[in-house]
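Number of protein chains: 2
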Amino acid sequence: MPAHPPTAEILAIGNELLLGEVVDTNTAWLCRFFTGLGGKVQRAVVLPDEVEAIAAELQGALRRAPALVFTTGGLGPTEDDRTLAAVAMATGRPLEEHPEALRMVAARYRELAAAGFVAEPDLTPPRRKMAMLPRGAIPLANPVGAAPGVLLPLERTLLVCLPGVPEEMKAIVQSSLAPHLQARLGRAGFAELRLLTDCGDESRLAPLLGEVGRAFPHVYIKSRARAFGPQVRIQIYLSAAAPTPEEAQALVEEAGRHLEGRLAEAGVSAERLPAM
Amino acid sequence: MPAHPPTAEILAIGNELLLGEVVDTNTAWLCRFFTGLGGKVQRAVVLPDEVEAIAAELQGALRRAPALVFTTGGLGPTEDDRTLAAVAMATGRPLEEHPEALRMVAARYRELAAAGFVAEPDLTPPRRKMAMLPRGAIPLANPVGAAPGVLLPLERTLLVCLPGVPEEMKAIVQSSLAPHLQARLGRAGFAELRLLTDCGDESRLAPLLGEVGRAFPHVYIKSRARAFGPQVRIQIYLSAAAPTPEEAQALVEEAGRHLEGRLAEAGVSAERLPAM
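So the sequences go chain by chain: A and B.
Counting along the first sequence from 1, when you hit position 39 you're at 1001 in our numbering, and nothing is skipped either side.
Counting along the second sequence from 1, when you hit position 255 you're at 1217 in our numbering, and nothing is skipped either side.
Do not rely on the hints blindly, as some may be mistaken.
It does not matter which identical chain is meant; a pair holds if it fits inside one copy or across any two.
Stated by the list, open to error - DSBU-like mimics (lysine-lysine), calculated; alpha carbons at most 35 angstroms apart, straight line: (1) Lys1132 x Lys1184; (2) Lys1184 x Lys1091; (3) Lys1002 x Lys1184; (4) Lys1002 x Lys1091; (5) Lys1002 x Lys1132; (6) Lys1132 x Lys1091.
FYI, nobody ran anything at the bench for these hints, they're computed from the structure.
These numbers come from a predicted model, not from an experiment.
Isolated chain A, as found in the complex (with noise of 0.2 angstroms):
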């Protein structure tokens, strides 16, 4: 068993995330989803696209022993996606080319040829480089993009390599990784949802917020104000970890609903928010 609460490490690559051109959510969804399952990020880091510089951080942080790193971003099929090379490096396991995850790659080329978003199904050279894994990893499938996430098991940590793009990254975290988790952390599912009312008093809602917390005692809840220009409005933000994500959808769907309908009932609307 890890040790209580298990530990985990972010790296997230790119060089667009420290050109700023895109601000790293990916980091901060990894976070509270792995707080929400009762673990504990002790650190993340952002680094370019630079097989030394993973390698050297991935070393450090196998060096701490965190029971899971996660890594973000570089799976892609371009010449600048290093990630899986850097993990070659780091952890001395030549890449090779994995079975299954080329047969996930195959299926999504196919699948993007017949619905006409690529002209060829054909595993070229590039495609193929996504299916090259470290010895020993294991591919999890990725159900909307087309590079298979990876699975490291190591001595003392569990090693995930994800794809940069937020919508890959969450579902490869919520439908293939769930099983691993749940065996190593006896839970992998989290959900979440914002509501944005249309109320600025906090003190007004605080006793409902109590009321739907006592009700769903496994579900975090949290008010926060915002400012939209002079007006504020508070957001409420609800999450629950369970031990399968469907489990855990329905928990927080059922508070949501519950919590809309007391908003309802003392006079305040209240939207959801899309995912953050």
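Based on these hints, arrange chain B on the given structure of chain A.
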């Protein structure tokens, strides 16, 4: 003169970041800012409010000797604001009450008390704490909040400690820090502007953007498709660097107005987006 391009590292400090409750937008802004001035951010780290973790990371950064190290967060009045204690530990300099910093903090609380935002203007111990700087440091006036920024010139690196609240962080960089950066980098002014068009066809906008780019060779212009549900709209980003913040603002403003005029002639409507 610093190496070209001058390099920087960023340490974003705060438990709320590693819980995922707050998405760190400061790092991306500092990356755009420093890239805009002709520099290169080589690494960014997110750390908890723990003196030892921050001090160890600072020592690592100072060994790599980038031209600048920025920290954000942990400058406030409370016990868990520990950045300067970590700077003291990492650099072997004691924390001392800085008379000019104390005057800044006192003046701010007199203003806040006069405006009714705080009950009294007294320099309580938590408020005095914000004027305890590492020996040799220069306080940077904070035009928005209470905690001064801190500039510590070290042998090979300029260490800049900034508050975590984005508005305070940006205001200090663009006012109080500007003369110091100008002395070291030759320029300190950076400004940006975002326009969201109602047009989804990048090929239609490309000639206009090319024309404005040729008219304003010192303004960086980039377009990016953004999905709004099934609809795609092109967002245009402009940024400029100049010796001073005022010159950069004037440059990006002039290019922005020129672009807005050309878009209007082409029948494309565009709205300005709030600062990132």
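Taking the hints in turn, this is what the structure says about them:
1. Lys1132 x Lys1184: both (22 angstroms within a copy, 28 angstroms between copies)
2. Lys1184 x Lys1091: Close across copies (30 angstroms), not inside one copy (44 angstroms); limit 35 angstroms.
3. Lys1002 x Lys1184: within (19 angstroms within a copy, 38 angstroms between copies)
4. Lys1002 x Lys1091: both (33 angstroms within a copy, 29 angstroms between copies)
5. Lys1002 x Lys1132: Result: close both inside a copy and across copies, 18 angstroms intra and 30 angstroms inter.
6. Lys1132 x Lys1091: within (22 angstroms within a copy, 41 angstroms between copies)
Figure legend: structure checked against the earlier numbered hints; every hint is met.
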